[in-house]
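Student: Sequence:
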Amino acid sequence: MRMKFRRFLSFAGLLVFCVFCLSHAVSATAVALPSGENVGVQIVDTATEIGDNYVRYPQLDGLQTLAVQQAINDAIVEEAAIAQRLITLSTLQPGGAGLQVSYTAYLQDSLLSAVINAKGTMENLRSGQKYTALAYDLQTGARLQMKDFFTDPDAAVAWMEARLQSSLEDELSNYLEHADITPLPVDSFAFDSCGITFYYPYQQFALLSGYSAAVQFLYGELQAFLISNEGSVPSRLGALLPQYTDAQIKERIETIVSQGTLPCIPVKLGDSIPDLIADYRLTRTPDQFPGGRYFQFEAPVFREVLILSDALTAGYDASVAEGILATRMNLYGIQTGVTMQTRWREILGEPVSVYLDTSTAVDYGLPAGTADYYTISNRQLMLYADETGVLYAVRIHK
Numbered sequence: 001m002r003m004k005f006r007r008f009l010s011f012a013g014l015l016v017f018c019v020f021c022l023s024h025a026v027s028a029t030a031v032a033l034p035s036g037e038n039v040g041v042q043i044v045d046t047a048t049e050i051g052d053n054y055v056r057y058p059q060l061d062g063l064q065t066l067a068v069q070q071a072i073n074d075a076i077v078e079e080a081a082i083a084q085r086l087i088t089l090s091t092l093q094p095g096g097a098g099l100q101v102s103y104t105a106y107l108q109d110s111l112l113s114a115v116i117n118a119k120g121t122m123e124n125l126r127s128g129q130k131y132t133a134l135a136y137d138l139q140t141g142a143r144l145q146m147k148d149f150f151t152d153p154d155a156a157v158a159w160m161e162a163r164l165q166s167s168l169e170d171e172l173s174n175y176l177e178h179a180d181i182t183p184l185p186v187d188s189f190a191f192d193s194c195g196i197t198f199y200y201p202y203q204q205f206a207l208l209s210g211y212s213a214a215v216q217f218l219y220g221e222l223q224a225f226l227i228s229n230e231g232s233v234p235s236r237l238g239a240l241l242p243q244y245t246d247a248q249i250k251e252r253i254e255t256i257v258s259q260g261t262l263p264c265i266p267v268k269l270g271d272s273i274p275d276l277i278a279d280y281r282l283t284r285t286p287d288q289f290p291g292g293r294y295f296q297f298e299a300p301v302f303r304e305v306l307i308l309s310d311a312l313t314a315g316y317d318a319s320v321a322e323g324i325l326a327t328r329m330n331l332y333g334i335q336t337g338v339t340m341q342t343r344w345r346e347i348l349g350e351p352v353s354v355y356l357d358t359s360t361a362v363d364y365g366l367p368a369g370t371a372d373y374y375t376i377s378n379r380q381l382m383l384y385a386d387e388t389g390v391l392y393a394v395r396i397h398k
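1 is the number of the first residue of the sequence shown in our numbering; add one for each residue after it.
Among the hints, a few may not be true.
[Stated by the list, open to error] List of simulated lysine-lysine pairs, DSBU-like, C-alpha gap at most 35 Å:
hint, residue 1, residue 2
1, Lys130, Lys147
2, Lys250, Lys398
3, Lys130, Lys119
4, Lys147, Lys119
5, Lys398, Lys268
6, Lys130, Lys268
7, Lys119, Lys250
8, Lys268, Lys250
Hints listed in this document are in silico derivations from the structure and should not be mistaken for laboratory results. Note that the coordinates shown come from a computational prediction; the quantities given were computed from them, not determined experimentally.
Turn these sequences into a full structure, and let the hints guide you.
Tutor: See below:
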């Protein structure tokens, strides 16, 4: 709900109000990012800070077409309710929930995506959290839609909704007040180098942490639906996956496994578990498996991805990430749910293989199947085939 007595304030006037009444500076830091034809485009980090509270949001600078630049900047301010957030910031009382408004932004070939995350005191003076996800084509100033990505948007959305229902329903807590997976929030999405993420309104789908839910789809999952024409939005984003040779696939897998991680996963082996919990928030109490624990995080990149650690003590204050297990993964063309065991053996060579029957596999959260093990730079890569021979899971371990 908007605060009626402040509706007459322009955004510029509000900034003056904040600066002069509160004597707190608005900082602006320019960050240059790749932007295709608009070589000089920058994302400007605009911030107002008061103690531990702040409002930060992105603004464009250096776009060749100034009218488009102004229209997008104004839209970001309007859509993310920046004026209301600044009013709230200016009236915070000691001992309250405070307010932190932060953002992430991605710019590639004149395509901009931004997610503004407001946490704390909302405009209704209650504590809450809200994501505002925005995506624009800087060449036209138009806000991007599903039709800009998919040849058949309805079919793509139906597939994504079905995939979410099969992958999330068993994970949702019975204590969630709002847990409607469908409809997918198709007007609230952002993109990056790995995929597309959809951000739900709080009243539809919220998590136990108090954050609104979000779900990510990797570009590899969506290949059948993406527009493949040269110059299309997926083409400009690099979302159309390259066709690597077998030697290139093997080289890339060996490189990333030796680094202790997997593609598009922001975790490396050895990372502190408490730090990961602080950054990505636990979905639930960690599950046990023989010899360790599974940690599942709320952040959308971790859908169908578990972080493995030890089970040596009751707590995990000193625990580190000892493994990553993903049932949603694309290893440069070796993809869960798609690639056959015979195919990855052609690429990576003959593994050490172990068959897990149902009673053994269930202890590890897997169906019956065969685990193929490869040792790479003192790391262990496991590619797990279900009984149909299709890749079910990818795991790396120390």
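Student: Among all the numbered hints in the text so far, which are the ones the structure does not match?
Tutor: 7
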